[in-house]
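Listed below, chain by chain, are the residues.
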Amino acid sequence: MNINKENLITSKQFMILIFSTMIGVGIISTPYLLVKEVGHNAWLSALMSGIISILLTIIISRLLNIHKDKSIFGINKLLYGKYAGMALNSLYLLYLILKTSIILRLIIEIIHIIIMKTTPSLILSILALICPFYMAFYGLKPICRFSNFVFLILVEIIFLYFVSFSHIRLSFLLPVGNISLPSLLYSMRSTAFSFLGFAFLWLVYPVITDKKNALKYTIWAMVLSTLLFTSTIVVTMGYFGENMLKHIIFPVYYLALVYKVPVFERIDLIFLVIWFPALSMTLKAYFFVTYYWLYQATGYIFPKIKSNANAFSGNNKNKNSLTGVKDKKKKIVFLILFSILIVAVSRILKDYNHVLKTIEITDMIGVSLISGMAIIDLIISLIKNAAGSKNKFKAERRAKK
Amino acid sequence: MDDDENKLSNHPFEDNINKIKKMLKDCPDIIMRKVNLDENKSGFFIYIDGMVNIDLIQRDFVAPLLCLSFEKMQDEETLRNLPVTDLRFTDDLSILIENVLLGSTVFIGEGLSRAIICGLISFDKRNIQEPITEKNIKGSHEGFVESIKTNMTILRRHVRNTNLKFKMFTIGKSTNQMCAVAYIEGIANPDLLKTLCEKIGDLNFDGFIGVGYIEQFINDHPNSPFPQYQATERPDKTTASLLEGRFAIMLDGTPVVSIVPTTFFSFFRAVDDFNSNWIFGTFIGSVRIFAALIAIFLPGLYISILSYHYYTVPLSLLIPLAESRSRVPFPPLIEALLMELTLELLRESTVRLPTFVVNSIGVVGGIIIGQAAVEAGLVSNLMVIVVAITAIASFVVPNSDMGLAIRVLRFIVMLFSAAFGVIGIEVTATTIMAHLVTLESLGQPYFQPLIPLKPKDFKDAVIRLHLQTMRKRPDVAQPLDKKRGSGGN
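Protein sequence lines correspond, in order, to chains A and B. Residues in the first sequence are numbered consecutively from 1, following this note's numbering. Residues in the second sequence are numbered consecutively from 1, following this note's numbering.
Each hint should be verified, as a subset may be incorrect.
To be verified - One-sided excerpt, in silico: chain B residues whose CB lies under 7 Å from chain A: (1) H309; (2) T312; (3) G403; (4) I423; (5) E426; (6) V427; (7) T430; (8) T431; (9) I432; (10) A434; (11) V437; (12) T438; (13) I451; (14) P455.
Just so you know, these hints were derived from the structure itself, not from any lab. Even for Gly, the Cβ is constructed at its ideal location relative to N, Cα and C.
Start from the sequences and build out the full structure, keeping to the hints where you can.
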């Protein structure tokens, strides 16, 4: 198999990648959406979402085990044929483009609301895309390396929880579970924005070197992020209370804002400075996978850019594609076009509220698309496998006779 | 074809001499001394004036050789008894000329099938001194010199082990310089050695004035501001690196040796750190990294806080700051650029000037510009303090290449912070980080052991623990023998 070296990653690296992708933007924006929906039971919703995501991860992993070395795009084409597969893949790609644009806009809006109130969003979009653009050019490995900065955020969060611990009132969380199951399940769509991160597994599966451990580490990442989400909601709920939390759009940031330290007085800016790499991490990861699969997909339509397009799936004949000047130029041109597309789509949204509403819609699409594809693909694959082995068995018996 | 053309025995003696004379036309430093031999034959001693030990040559090579009869001169076994250690024979004209240029004395005689090369080389060279740019307190005060042979000897004195090997190359199409890659066999990784040798072997340029030329040609990321090869003039530092399985690129004509592969953190280490107690090593190492952060970000932070986020300044500091700023007519960026550029001018002028002028520059820069600028209302007091701290912080970084990178990055951070406040700083910081995790030195991650995370190597890079805990070599150069103490034997 001939995969570009700059894209090869280990399961551990993948774990840190999806963990940082999920918590980067999610922890800042999700608690508000959840609390608005289910009040003080938000933590239950986060916990449930985590558990369901882990179940879906297991389904996906089973599916990927059946089709070794294939991504979801390859599996879809295999199961549904060329045209139906391509249509489904295009739908998924469209969703990915939309999601990347929304993440970009969300980051811009967060920056807008908290720090740079007057700077035009277009300029901020370009600014926010500098780093993802640079890293996408160099491949997945550097992105995974960069995701290690998530540990900085963990330290920061633990510090914040620690200093606010004495002010937490657990009575704000009571009574536990006074919510109907359907509304709890319905509220989980608000967490989908972050928890859908597990779907990265079938996007980058071909480049994971130790595929045996992929499921284990993905589940670890899911468990860690579920715990972090749940504890964040518990801490912010215990600190601010349900009524106040419904009016705070970035609760974790507000936790930093209300904390007063000697000498520096306020640490909200320091909080943001440390958080920024994580914010951009979510964008980087989505930017890369979307760019890459789009690049590959366009390779089928425009054969001229195909030479490097198949590197991810392992069909690339040009080993040193990154060093080739022609490929480099192609990559840069494609990345520029892709960035323009992402910025253009993100410009459709008007403001933060519009972003949140769009997130709801796209996440509904995302949840149905991803869970639907995972379950149906697995069932079809199992049936095909069973039929295949039955035929084989018959053939063997005939041969024996 | 070319080999036959160059063979001395294929041509009459007169032709060979004419060829050599043609080659040596307008080279008054290369002497061709004619001597008469037995049987009316003639011969020539060819050498470069000033590159040979003329006394020894006369005593041990010329005199005994001329005492021999022509018949004995034809017998190589007899010639081997000449009291000279480095004695070789060649039939090749190009090798003959090459050896003359290297400083050997060559004898070519009529009727003799091969020329005799005598390598009693001696030329004026700088004495071994402590490098001015890399001083230390507790370690050796020895530094490399311009002659590669001396440098190789110095290294051999440090590593008295036959496993210290040198791969020799001749590079530079016009200069024909000697270049060596030093490594310790058994420790150094052969795959990395192969890659490095291939890279050096592929060099195609007319001349390499310094080892920096080689670095620029074989860099994995030539457009990066960060140095990917560690230049040093210190043999002790080179030895320490060789013991970690790294390679040292040595070039004739320069006292600077380039160590590869290297990491970001190794630029913040000095030999003294390992020569003293681990507590001081850790403390000083951390101070250097902190200083680098200050040197890159402090002016940018000043600009962004004054332009956008003044609410983050504690009230007790905000009032004096506002007072000081109220007399300054420029925005923070212009104020900072004014002072930082002045500092750069001062620094650049002091590097090239003789030491006795440097003192007066210090007076002009420190007292006149600093104080007068504040009094004239061009800059605020705080700005002068910021610039001074930045300058001192940038002097702390022990490596000049890394220092240059930090200086350039500071200006980029300043411009971005003026335009986008703290987000500008964040974007530049994350892009620098993204760049650092992407960079590789000879295929090895540049930002290790932090990213990719190698906690075991922390004790050697970010912090410095007791030598007892450093039983294993760092992973940077993928050493074959990971355990210290087996010595590569």
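Exercise for review: Could you check if B:E426 really has its C-beta closer than 7 Å to a C-beta on chain A?
Suggested key: For B:E426, the interface hint holds, since the closest Cβ of chain A sits about 4 Å away, which is under 7 Å.
Practice item. With chain A as the partner, please determine if B:V437 meets the hint condition of a C-beta pair closer than 7 Å. Key: holds, 4 Å
Check your understanding: Is the hint on B:G403 kept, meaning its closest Cβ partner in chain A is under 7 Å away?
Key -> violated, 24 Å
Check your understanding: Does B:T312 pass the interface check with chain A, least Cβ-Cβ distance below 7 Å?
Key -> For B:T312, the interface hint holds, since the closest Cβ of chain A sits about 5 Å away, which is under 7 Å.
Review point. Holds or violated: is there a CB of chain A closer than 7 Å to the CB of B:T438?
Key: Result: holds, 4 Å to nearest chain A Cβ.
Review point. Holds or violated: B:T431 as interface residue toward chain A, Cβ cutoff 7 Å?
Key: The hint holds - B:T431 has a Cβ within 7 Å of chain A, the shortest such distance being about 5 Å.
Check your understanding: Can B:A434 be said to touch chain A, with a Cβ gap under 7 Å?
Key -> holds, 5 Å
Practice item. Grab the minimum C-beta distance from B:H309 to chain A and call the hint holds if it beats 7 Å, violated otherwise. Key: The hint holds - B:H309 has a Cβ within 7 Å of chain A, the shortest such distance being about 6 Å.
Practice item. Would you check whether B:T430 satisfies its interface hint, that is, whether its CB is within less than 7 Å of any CB in chain A? Key: holds, 5 Å
Practice item. Classify the hint on B:P455 as holds or violated, based on whether any CB of chain A lies nearer than 7 Å to its CB. Key: violated, 12 Å
Review point. Should the hint that B:I451 touches chain A count as held when the rule is a Cβ pair under 7 Å?
Key: holds, 5 Å
Exercise for review: Closer than 7 Å between Cβ atoms is the bar; does B:I423 clear it against chain A? Give me holds or violated.
Suggested key: At about 6 Å, which falls below the 7 Å cut-off, the nearest Cβ of chain A leaves the hint on B:I423 intact, so it holds.
Checked against the numbered hints given earlier, this structure breaks hints 3, 9 and 14; the rest are met.
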